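Take the given structure of chain H and dock chain Y to it, following the hints.
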Amino acid sequence: MRALILNGAAEGDAAVEFAGEVLSGELSGMGWDTEMVRLRELQLAPCAGDFWCWVRTPGMCFVDANARTLTEKVVRARLLVLLTRMTFGGYSSELKRGLDHLIGVMLPHFTKIGGEVRHEKRYERYPSLAALGVLRHLDQESERIFRTLVERNAINLHSPAHAVRFAYDLEGQDVLRECVHGLVAKAEVER
Amino acid sequence: MIERALLLVGSPKGPKSTSDALGGYLLARLAERGIETETLMITPLLASEEGTQRLCTAADWADLLVLAFPLYFDTLPAPVIRFMELFHAERAADGRVQARSNEQRLVAIVNCGFPEARHCDTALAITRRFAVESSIERAGGLALGGGGAIGGKRLEAAGGMARAARRSLDIAADALAAGKSVPDEALRLMAKPLMPAWLYSTVGNLGWWWQARRWRAHRMLRRRPFGD
Numbered sequence: 003m004r005a006l007i008l009n010g011a012a013e014g015d016a017a018v019e020f021a022g023e024v025l026s027g028e029l030s031g032m033g034w035d036t037e038m039v040r041l042r043e044l045q046l047a048p049c050a051g052d053f054w055c056w057v058r059t060p061g062m063c064f065v066d067a068n069a070r071t072l073t074e075k076v077v078r079a080r081l082l083v084l085l086t087r088m089t090f091g092g093y094s095s096e097l098k099r100g101l102d103h104l105i106g107v108m109l110p111h112f113t114k115i116g117g118e119v120r121h122e123k124r125y126e127r128y129p130s131l132a133a134l135g136v137l138r139h140l141d142q143e144s145e146r147i148f149r150t151l152v153e154r155n156a157i158n159l160h161s162p163a164h165a166v167r168f169a170y171d172l173e174g175q176d177v178l179r180e181c182v183h184g185l186v187a188k189a190e191v192e193r
Numbered sequence: 096m097i098e099r100a101l102l103l104v105g106s107p108k109g110p111k112s113t114s115d116a117l118g119g120y121l122l123a124r125l126a127e128r129g130i131e132t133e134t135l136m137i138t139p140l141l142a143s144e145e146g147t148q149r150l151c152t153a154a155d156w157a158d159l160l161v162l163a164f165p166l167y168f169d170t171l172p173a174p175v176i177r178f179m180e181l182f183h184a185e186r187a188a189d190g191r192v193q194a195r196s197n198e199q200r201l202v203a204i205v206n207c208g209f210p211e212a213r214h215c216d217t218a219l220a221i222t223r224r225f226a227v228e229s230s231i232e233r234a235g236g237l238a239l240g241g242g243g244a245i246g247g248k249r250l251e252a253a254g255g256m257a258r259a260a261r262r263s264l265d266i267a268a269d270a271l272a273a274g275k276s277v278p279d280e281a282l283r284l285m286a287k288p289l290m291p292a293w294l295y296s297t298v299g300n301l302g303w304w305w306q307a308r309r310w311r312a313h314r315m316l317r318r319r320p321f322g323d
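Sequences listed follow chains H and Y, in order. Numbering-wise (the numbering used here), the first sequence opens with residue 3 and increments by one. Numbering-wise (the numbering used here), the second sequence opens with residue 96 and increments by one.
To be clear, the hints were calculated from the coordinates, so they are not data collected in a lab. Worth double-checking, as some hints may not be accurate.
[Said to hold, decoys possible] Examples of chain H residues toward chain Y, derived with CB under 7 Å: (1) Pro60; (2) Met62; (3) Ala67; (4) Asn68; (5) Ile147; (6) Tyr170.
Just so it is clear, the structure is predicted and the values come from calculations on it, not from any experiment. Ideal Cβ positions, reconstructed from N, Cα and C, are used throughout, including at glycine.
Isolated chain H, as found in the complex (with noise of 0.2 Å):
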C-alpha cells in the first residue's frame, strides 16, 4: 500500500526534516511503500484560482505539470501524511502550495455532508489523511486549530480516516517514532 509524504519543511528547518527521515523510515517498516515529496524542492507555482482543473481539464491542472503529477500521487496514495512546522496554527506555505493544487481531485459540484455544503467525490477511494505538526513547544491554541484544520481537510477529500500528532523540536527519535506509530494506528484503525 502506498503512503504519500507532504514534506513542507523550509530550508534549513532540520526539526522537520528529521522528522521526515524518521516518519518515511517508520512507514518503511510497516510495509508502507513509502514516498516522500520535499515540497520547496519542487518546481510549483502557486494555484491561480482558475479553476481550469475543474472546468477546463477536469481532474488536472492545466497549467502546471509538477501539479498534475502531485494530483496523481496523492490519487494512488492509501495514506497521505502532511509533515510541517505549525505556522500559526496551520500549514507551512511550502506544504500550502501543494495542497492549494489539490482541489481537482474533488468535483466541483455541491453536495452536503455533516449539514455543511462540501464539494462532491470525484474518485471511489481516497487516501485517509494523518498530519504531523512540528513545533518549538506547546501551544494548546495553536494545536486546537491546526486539529480542526486536517478535520476539516479530512472531510474535504473524502478520508475514510484522519489522525492529527504534534512533535516538539529537539525531541529524540524514539518519542518520534513512537508519535508515527500512533498517527499510522489511529489512521488505519478508523478506516
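Structure of chain Y alone, referenced to chain H:
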C-alpha cells in the same frame, strides 16, 4: 486613530477577485474618512525579491493592515501564509515581536465558495494567531460565504445581494477609522447568507457545467484522469 491603511489582496486573481472587491470597498470608505490608503497584490509581488521587499516595506508603513483573501482548502492560500511568515520573521528580527509593540492593527476579510460563512472560521483563527505571535493588534475578522455569487464584481455593482456586505463594511470603516475594532454587528452582517444554500448550490452546479462548456469539457466534468 489610524492614518495609513494597506490592503493586501491574497487572491491570485488580483484586482478581478472578490477579495479585492471586499477589501477595496472597505479601503474606499476609509479614504473617505481621510485615511491614506494603498493596495498591493500579494502573489505577483512574492515572485521577486524586490517585490517581496516592497510588500514588507508597505506593511511596515501602514498602521492598519487589511488582509483580504479567499478560502483555499479550508485555510489561507499559500502566498498569504508566505507573506505572514516573512512579515513575522521581519518583526521578530528587529525586536518588535519581543517588545510586544502593538503599533499596528490587522483586520482580515475572508470569502469562501461555500454558502456558509462558518467554513472561514479556521482561517480567521490562523490570522488571529499570526497577529498574536507577531505582536499586532487584531481589529477583527470578517467572513463571507457564497463568494462565488459576487464573482469579483465591485460591491457597488453587486446589487441587493451584497447589501448586507456593504453595510457591514460601512460599519467596519467607521469603527476602524476611530481606532476601534470591527463591531459584532458588522461581523454578523458579513456572515449573512447572500442567498439560500440550496439556491446557491443549484445555480453553482449549473454554473460549473456552463463554464466547462466554454472549453468543450462539459461532457467530461466527472472524469477520473488518474483511475478509479
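Those earlier numbered hints the structure runs against, lowest number first: Hints 3, 4 and 6 contradicted; others consistent.
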